[in-house]
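First to last, the protein sequences are chains A and B.
Position one of the first sequence corresponds to residue 1 (UniProt numbering), numbered consecutively onward.
Position one of the second sequence corresponds to residue 1 (UniProt numbering), numbered consecutively onward.
Hints were generated in silico from the structure; no laboratory data involved.
In this text, all values refer to a predicted model and were calculated from it rather than measured experimentally.
One thing to keep in mind: the hints can contain errors.
The list treats identical chains as interchangeable, and a pair is accepted whether it falls inside one copy or across any two copies.
[Unchecked claim] Pairs of lysine to any residue residues, derived as SDA-like cross-links and limited to a Cα-Cα distance of at most 20 Å, are as follows:
hint, residue 1, residue 2
1, K157, V80
2, K157, F74
3, K12, V34
4, K77, V45
5, K157, I167
6, K77, A164
7, K77, A156
8, K157, E170
2 protein chains.
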Amino acid sequence: MTEQYELLEPEKVAAYIDAHPDLAARVDTSTLDVTEVGDGNLNLVFVCQDGSGRGLVLKQALPYVRLVGPSWPFTPKRAVAEARAYEVHGRFAAEYLPAFYGFDAARYILAMEDLTDHRVWRGALTDGERHDGAAADIGRYVARVAFHTGVFGVEAKALKALVAGAISPELCEITEDLVLTEPFSGAERNWYQDELEDAARSLQTPELKAAAGELKYAFMTRAEALLHGDLHTGSVMVREGSTRAFDSEFAFYGPIAFDLALPWSNFVVTMARDAVLGRDEHGAWAATLFEELWDAFEAEFRSLWPNVVDPRVYNELFLERWLAQTQRDTAAFAATEAARRIVGLAHAPDLEALDPEPRAVAGRAVIETVKRLLLDRPETAAEVSAVAREEVARG
Amino acid sequence: MTEQYELLEPEKVAAYIDAHPDLAARVDTSTLDVTEVGDGNLNLVFVCQDGSGRGLVLKQALPYVRLVGPSWPFTPKRAVAEARAYEVHGRFAAEYLPAFYGFDAARYILAMEDLTDHRVWRGALTDGERHDGAAADIGRYVARVAFHTGVFGVEAKALKALVAGAISPELCEITEDLVLTEPFSGAERNWYQDELEDAARSLQTPELKAAAGELKYAFMTRAEALLHGDLHTGSVMVREGSTRAFDSEFAFYGPIAFDLALPWSNFVVTMARDAVLGRDEHGAWAATLFEELWDAFEAEFRSLWPNVVDPRVYNELFLERWLAQTQRDTAAFAATEAARRIVGLAHAPDLEALDPEPRAVAGRAVIETVKRLLLDRPETAAEVSAVAREEVARG
Numbered sequence: 001m002t003e004q005y006e007l008l009e010p011e012k013v014a015a016y017i018d019a020h021p022d023l024a025a026r027v028d029t030s031t032l033d034v035t036e037v038g039d040g041n042l043n044l045v046f047v048c049q050d051g052s053g054r055g056l057v058l059k060q061a062l063p064y065v066r067l068v069g070p071s072w073p074f075t076p077k078r079a080v081a082e083a084r085a086y087e088v089h090g091r092f093a094a095e096y097l098p099a100f101y102g103f104d105a106a107r108y109i110l111a112m113e114d115l116t117d118h119r120v121w122r123g124a125l126t127d128g129e130r131h132d133g134a135a136a137d138i139g140r141y142v143a144r145v146a147f148h149t150g151v152f153g154v155e156a157k158a159l160k161a162l163v164a165g166a167i168s169p170e171l172c173e174i175t176e177d178l179v180l181t182e183p184f185s186g187a188e189r190n191w192y193q194d195e196l197e198d199a200a201r202s203l204q205t206p207e208l209k210a211a212a213g214e215l216k217y218a219f220m221t222r223a224e225a226l227l228h229g230d231l232h233t234g235s236v237m238v239r240e241g242s243t244r245a246f247d248s249e250f251a252f253y254g255p256i257a258f259d260l261a262l263p264w265s266n267f268v269v270t271m272a273r274d275a276v277l278g279r280d281e282h283g284a285w286a287a288t289l290f291e292e293l294w295d296a297f298e299a300e301f302r303s304l305w306p307n308v309v310d311p312r313v314y315n316e317l318f319l320e321r322w323l324a325q326t327q328r329d330t331a332a333f334a335a336t337e338a339a340r341r342i343v344g345l346a347h348a349p350d351l352e353a354l355d356p357e358p359r360a361v362a363g364r365a366v367i368e369t370v371k372r373l374l375l376d377r378p379e380t381a382a383e384v385s386a387v388a389r390e391e392v393a394r395g
Numbered sequence: 001m002t003e004q005y006e007l008l009e010p011e012k013v014a015a016y017i018d019a020h021p022d023l024a025a026r027v028d029t030s031t032l033d034v035t036e037v038g039d040g041n042l043n044l045v046f047v048c049q050d051g052s053g054r055g056l057v058l059k060q061a062l063p064y065v066r067l068v069g070p071s072w073p074f075t076p077k078r079a080v081a082e083a084r085a086y087e088v089h090g091r092f093a094a095e096y097l098p099a100f101y102g103f104d105a106a107r108y109i110l111a112m113e114d115l116t117d118h119r120v121w122r123g124a125l126t127d128g129e130r131h132d133g134a135a136a137d138i139g140r141y142v143a144r145v146a147f148h149t150g151v152f153g154v155e156a157k158a159l160k161a162l163v164a165g166a167i168s169p170e171l172c173e174i175t176e177d178l179v180l181t182e183p184f185s186g187a188e189r190n191w192y193q194d195e196l197e198d199a200a201r202s203l204q205t206p207e208l209k210a211a212a213g214e215l216k217y218a219f220m221t222r223a224e225a226l227l228h229g230d231l232h233t234g235s236v237m238v239r240e241g242s243t244r245a246f247d248s249e250f251a252f253y254g255p256i257a258f259d260l261a262l263p264w265s266n267f268v269v270t271m272a273r274d275a276v277l278g279r280d281e282h283g284a285w286a287a288t289l290f291e292e293l294w295d296a297f298e299a300e301f302r303s304l305w306p307n308v309v310d311p312r313v314y315n316e317l318f319l320e321r322w323l324a325q326t327q328r329d330t331a332a333f334a335a336t337e338a339a340r341r342i343v344g345l346a347h348a349p350d351l352e353a354l355d356p357e358p359r360a361v362a363g364r365a366v367i368e369t370v371k372r373l374l375l376d377r378p379e380t381a382a383e384v385s386a387v388a389r390e391e392v393a394r395g
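If we strip away everything but chain A, and leave its shape as in the complex, we get (with noise of 0.2 Å):
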């Protein structure tokens, strides 16, 4: 049944903003303007300024999918789970994230930072822009979260409160099946270019499903931290000396491999991009992010390793043990997600703007990537990145 409660308009903003002190000590709603920004499908989402520069956002989720209606709802819960993530992440992880400043939860309005002056990685990784350092701050991002959140860092009885109290039983279900599944699997709702017709099939074979199935189950099972969930580089708004992670509505317990694995899925995709574009330097450049994220990531744990909470068999060799299975896990959750934005319901700008030829191509080296990640399993991130060089330049 879809949940009613009130939905904000951009002129009941200002009222909204006054009726909430926390709020209203943040702009001069007397000086106001409130831009709609969202796609206005999922969440409503405000980008509120004052007249002396000040801002803030208000991102309310719908209770259903508003392109069809009350008759395909979806839960606004996912706004508690964002709100978790950003409020628990934010105790570790602050510099990584937007400011949060509180939670509505009768009306699932979220509150945070106004990062107007940031653009989102992706759109920026599409127009061959470089910012480096953003996926070792985002290797960091995980890092924190993942020792902070998870059996390293809580102690073992609070820890098994924080997972059972983070459950997102419909939010992991679509990772489950777009993600997990259907490029694997086949499903009416893939979509993909007649050309790559052979390549999509050629991911429906039983060893390709089964590979599948061993992270699916992976995915359901391991609650190793409380992960972002859908850290891909649409979740990630960066500007010159900042990386924030945003859009943590998938945020549950989960393995550690998948948050890490987003980011470095769409590292094949911008390269792929570049290959057919003749992008060769930018191509290069985006070939070393898988090493930098995944350096920063296993430099962070390291220094944050001596904190342990039970250090009697999470030894060292427990560490370097952990760290070479967490890597050869994120290689393989990268290839299902790469599958998905070429096969699946989900795909994302990156190639869909390319003319139809180059994005063939494109998207058959993608999918030959993915292939090689599921079916050789390269171990370390310097593995991933020759197998994507090869893959792409095959084009």
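Following the hints, put chain B in place on chain A, whose structure we already have.
Just chain B now, kept in the frame of chain A:
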């Protein structure tokens, strides 16, 4: 803080039963004979039998360890976990459990079938008895529960609520500490024969700590199915043609291999005892139980597989790999449980009743088996049995 509730006493049992019509219908309280048979330290257990031979058992959890008193509180919530396990497991594997007659949540009293015509499997093995088929029954029990309460048998969204509802932090911590940490890290409360000092210390290498860490991490993060959670041979009753698992106070969502591992660890201990007693025939029989249990588990699991709720990527190849991985994990978890029975806080009477010299020989054989299971990583029940046979023959 210790919970306050009224404890049962033998002379008040008949009145208690009369006050509960479901129970009163099962026995004639006017001719009731009540015997308290629990160790009286953690639980009160009343066997109630009437003049016509009908009976039932009441089990009440104490809120503290009676030997120490209220200064060592011990959550009676474990009775909730046990009731949940009987109720849930009973839907799929009733023939391997005591019939469950209900739970009094206010006083933490479980009512169940009187199984005094059975005996505890540990005792039977210790005495050199053979109960053919008991190991296979336990394998089938674990298979049913694993399939029907986990990813393969429960729809994804419903499963997440089940997992969250079955958290059991205090009881899990006991296993995490006593089984998966202390034998390998050393602990004040570890104890063992003086003769085993070197063997006990040999468990505390970085390599074995890391192996224990890996298993502990799996135990703490992998929510695969609603486990029994403490399925050693002291939690199993046997009689010709009947095998019943009880005492599921440790039930929680964890790695399936853990439930398979505890009986395996007991088979190692039984073999070590048989060897020093020269009970070769019984020892050779015990060596077959690893495969008996595993093969029954695997066959039952395969028979359920066609009902997998989501066959899209959980295909046949996935199943083969999942079974192989589960078998490997079983061997490793078995090692940790075997180790704690020699050097940890909670030994079992299997070896403790031996004379000091054979007891040390048997203990050493178990320790050497533990080390090989964790370092050489045998992959199958047959290989685990072979390792245990070699080590107990060395004595």
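Checked hints:
1. When the C-alpha separation of K157 and V80 is checked against a cutoff of 20 Å, the pair qualifies only between copies, where the shortest distance is 17 Å, while the shortest distance within a copy is 23 Å.
2. Proximity of K157 and F74 under a CA criterion of 20 Å is satisfied inter-copy only: 14 Å between copies versus 33 Å inside one chain copy.
3. For the homomeric pair K12 and V34, the shortest alpha-carbon distance inside one copy (10 Å) is at most 20 Å, but the shortest distance between copies (72 Å) is not.
4. For the identical chains of this complex, K77 and V45 are intra-copy neighbours only, at 16 Å inside a copy versus 45 Å across copies, given an alpha-carbon limit of 20 Å.
5. In the homo-oligomer, the alpha carbons of K157 and I167 lie at most 20 Å apart both inside one protomer (17 Å) and across protomers (10 Å), since each shortest distance falls under that limit.
6. Proximity of K77 to A164 under the C-alpha cut-off of 20 Å is found in both arrangements, the shortest distances being 15 Å within a copy and 17 Å between copies.
7. Taking CA atoms no more than 20 Å apart as the test, K77 paired with A156 passes between copies only; the shortest distance there is 18 Å, against 27 Å inside one copy.
8. When the C-alpha separation of K157 and E170 is checked against a cutoff of 20 Å, the pair qualifies only between copies, where the shortest distance is 7 Å, while the shortest distance within a copy is 26 Å.
Of the numbered hints listed earlier, not one is contradicted by the structure.
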